[in-house]
Amino acid sequence: MISNMNLYSRGDKFFAVASTVLVCIFTLSTLYPFLYIAAVSFSSGFAVTAGQVTLTPVDVTLAAYERVLADPMFWNSYKNTFIYTFVGTAVSLLIIIPGAYALSRPQLLGRRYWNFIVAFTMWFNAGMIPFFLNMRDMGLLDSYFGIIIGFACNAFNIILLRNFFEGIPASFEEAARMDGANEFQVLWKVFVPLSKPAIATITLFCIVARWNGFFWAMVLLQDKDKLPLQVYLRRIIVELTDDEEFVSSTLTALYSFETVSAAIMVCSIIPILMIYPFIQKYFNKGIMLGGVKE
Amino acid sequence: MANKRSASERVALLIRHFRREWQLYVLLAPTIIWFFLFLYKPMYGLQIAFKDYSVFRGIEGSAWVGLEHFRELFHNEQFTRAIKNTLILSGYSLVFGFPMPILLALGFNEFTRAFLKRTTQTIVYLPHFISTVIIAGIVISAFSPSVGVVNLFLVKLGFDPIYFLTKPEWFRPIFIGTGIWQEAGFSSIVFLAAIAGVNPSLYESAVVDGANRWQMMWRITIPSILPTIIIMLIIRIGNILEIGFELIILLYQPSTYQTSDVISTFIYRQGLQSAQYDLAAAAGFFNAVVAFVLVLTANTISKRVSRTSLW
Amino acid sequence: MSDVVLNKIVKRYGDITVVHGIDLHVKEKEFVVLVGPSGCGKSTTLRMIAGLEEISDGALNIGDRLVNEVAPKDRDVAMVFQNYALYPHLNVAENIAFGLRIRKTPDAEVKNSVAEVAKTLGLTQYLERRPADLSGGQRQRVAMGRAIVRHPDVFLFDEPLSNLDAKLRTQMRAEIKRLHKRLGVTSIYVTHDQVEAMTLADRIVVMRDGRIEQIGTPMELFNNPINTFVASFIGSPPMNQLDATLGMHDGDFIAPTGAGSIRIKASVGLKAAVGKKIVIGIRPEHVSAEPIENASELAIELDLMEPLGSEALLHTHIDEHPFVIKAETHGAIDHLQKLSKIYIDASKVTVFDAETKMAINSPNQEFK
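Chains as they are written, first to last, in the numbering used here: chain R, 4 to 297; chain F, 2 to 312; chain H, 9 to 376.
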């Protein structure tokens, strides 16, 4: 807002300090759990079990990571997650972009009704059981294809992109039309390049949702070879916590159950951290989708 | 008169339209087909809530039983408990969770150093993008009775360690706290956007009038974003049945069901774990209808509010 | 043959009619400007010619083809849009080439055409730039380049200069005119700015509420507006209009006002209007601050003066109507400050029927 610091009175300065403190406390408490998990993953199992690790690694070792990376199940689920994320996102975009474009065109007959069909699903949802039975009846249980196609679309992303398309001045389409472009060309050569921020936003939403999705993968997939990382992770950190035998089997001086599960968590967070700068860049733009500035 | 067209003229117009615009419908088709296959077909399948569903007879072949499942549900203490828990968890999340993003947004707004503002924002938005499984993993390890950092501190302060995740009285604070930790930062974006929308000349003229920052916050910022606050509040109340059940599934255990079991987790256990599809579908149907009414009401109200609050 | 002929063209949206049966014949190589206030249907008419809006009724011919049902791309017209519609992701060369690429023109031919157009428009050194890196005038030129490159039969311009600042507008106006002279392509140009209309047009079409009010050359419209609307729309500042009742005095037609009687030169039709309520129209340019022969003398009180340099606008009022005078300064304004008398040549007064608002006389045509 006002950048001239000289304008600040003493009360103002106190107020500024108080707000900074509030935000910083929240920020630190957001950051701490991540640091804690990272510290645990790099500490020796003995140090963790002895309750020595609170902020920084103790007895730094990569043993937990070695154990994780030696597990073929880990690699397999990592590979699966990559497949679900990238193929899934590609399929999503192939459905969402053309659909949002068509829904944004004023000349589409029954546009209001088509839009209603999409938007209604945001208000009313058949729920878990009918969705599951439907997937089962279509033979999509326990298959890569089921996971990829079953979650390819949602009303929110379509409406987001449709609104962006609607904000593009009509003259762009009209100019292309007069130059002889058909609908496919208008979409591909004009609208898609003009909508990069919005499409990037949706792509990132899709990637994050795919990468993090676990519930339906857990419900729909039986075959261990098809499980994504998150389900594998869940098996380790939720189901096996109570499994005394498993926990003690992982306990050596170098790594423990805690350090191993922390290491898997770190491995799962890293890809998200890698795309996080892009997310940062685009979600502000994408969420406040305004008009196209030329 | 001239614009009243005969039926045959209208058909001719339609044919002309489709001949010219067929590509548009080709582009639309995958979306609509997907919505019908994956979201509307299940709605048709919701009828099993009123049927004695048998896997062998299928949805249509099963016999109607009317409201039998609903009667059973409301005599089922687990289900009524789940409704109660849903409302309590949601209600507390609202009371404690709703103000936090607003405070954060106001705090961010006072930052004058762009670097600090950007860094802190980057950090507090992050948990929103982290998977529920990891969040649960963090909670489980932080609250672990033997090596969790929370208990380490308790012991250091001279208390006995607490088995947090097995104690029903601790489930609510942990769940709500986790929710705030994960979402408060990201939710502040909406309010930050509202603050960014305030005309800067309002602040400039306030400075000229001798207002201090505190007064500017109370007299300019907060009144300006009040419509956004009200609308977000209404939307949250409308979504009160929507609860992060994935986190609950990951964190709850039978010993905490009395406070942690919500409608969605009840449906999950009854339907997907015990294969009582019809009963679970009935619970889901009840949930969906109530949620639909709530959301619709909230939507209507917020539309009215946003229209009147403009001026 | 690239005449554009509109025959009873109608545009309806549901029950609302926005263009009420327009007849217009734009001749080959002619530059016609459609002008009118916003909402008058001028843009809709242009867009119907372009094929961007369906024609509800009537016939549209371009050349000797009826094109009502022809897709925009097949009409052989090109359009320059108000916001230029330049693709921000393409550079200047690719923006100009867009239409040719869509039509799968061979690469070498595209290159030649683009180079040629760029040369015509002085864009050669900017071909690699993106639209965002161009100035307003350069963008405007690229937009025209995109139209020119296809060698269309007809150019359509939809308020192409309204996004430019005043100085650039004047400059681009001249460029468009020069370009038209050189290429000789039939052009239809829409604007709400009467100055643009006056300077560019071979013929101006003044529109209001979906109807054509008057068609004519700029000077015809300026001198002989058909009604008070055209009179107030064409010319800047607009024609002064005063209410009066037409009378006769010593064989002259007169219109008495609070500032004195205004004599009006006799012409066909005036006689029948004697005793009727009329509106008299006097252009600010046609009022003299110095006594001239055979002129009515009016006593006025100056409200305000706006010096413009060689001229000054003097604001006064007659019978509560604002009245503006454009007077020569001859380098000084002191003598105008004290102005209390103005002189109006009887032959420069237009008379309108107060009820129908239609012109009764045509003062500036020679009656023999």
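It is possible that some hints are incorrect.
Below, simulated EDC-like cross-link-like pairs (lysine to aspartate or glutamate); rule was C-alpha separation at most 20 Å, straight line [to be verified]: (1) K16(R) with D210(F); (2) K192(R) with D210(H); (3) K346(H) with E305(H); (4) K189(H) with D251(H); (5) K284(H) with D342(H); (6) K284(H) with E363(H); (7) K334(H) with D353(H); (8) K189(H) with D217(H); (9) K16(H) with E61(H); (10) K199(R) with D141(H); (11) K284(R) with D210(F); (12) K127(H) with E167(H); (13) K192(R) with E170(F); (14) K42(F) with D140(R); (15) K185(H) with E221(H); (16) K356(H) with D342(H); (17) K284(H) with D251(H); (18) K227(R) with D145(R); (19) K81(H) with E184(F); (20) K192(R) with E136(H); (21) K127(H) with E117(H); (22) K349(H) with E314(H); (23) K118(F) with E169(R); (24) K273(H) with E293(H); (25) K192(R) with D228(R); (26) K175(H) with D161(H); (27) K81(H) with E102(H); (28) K349(H) with E298(H); (29) K85(F) with E205(F); (30) K192(R) with E336(H); (31) K175(H) with E136(H); (32) K285(H) with E328(H); (33) K227(R) with D15(R); (34) K85(F) with E184(F); (35) K199(R) with E102(H); (36) K16(R) with E205(F).
The set of hints was computed from the structure by calculation and includes no laboratory data.
**Request:** Sort out which numbered hints this structure fails and list those numbers smallest first.
**Result:** Per hint list: 2, 4, 5, 8, 11, 12, 13, 15, 16, 19, 23, 25, 26, 29, 30, 31, 33 and 34 violated.
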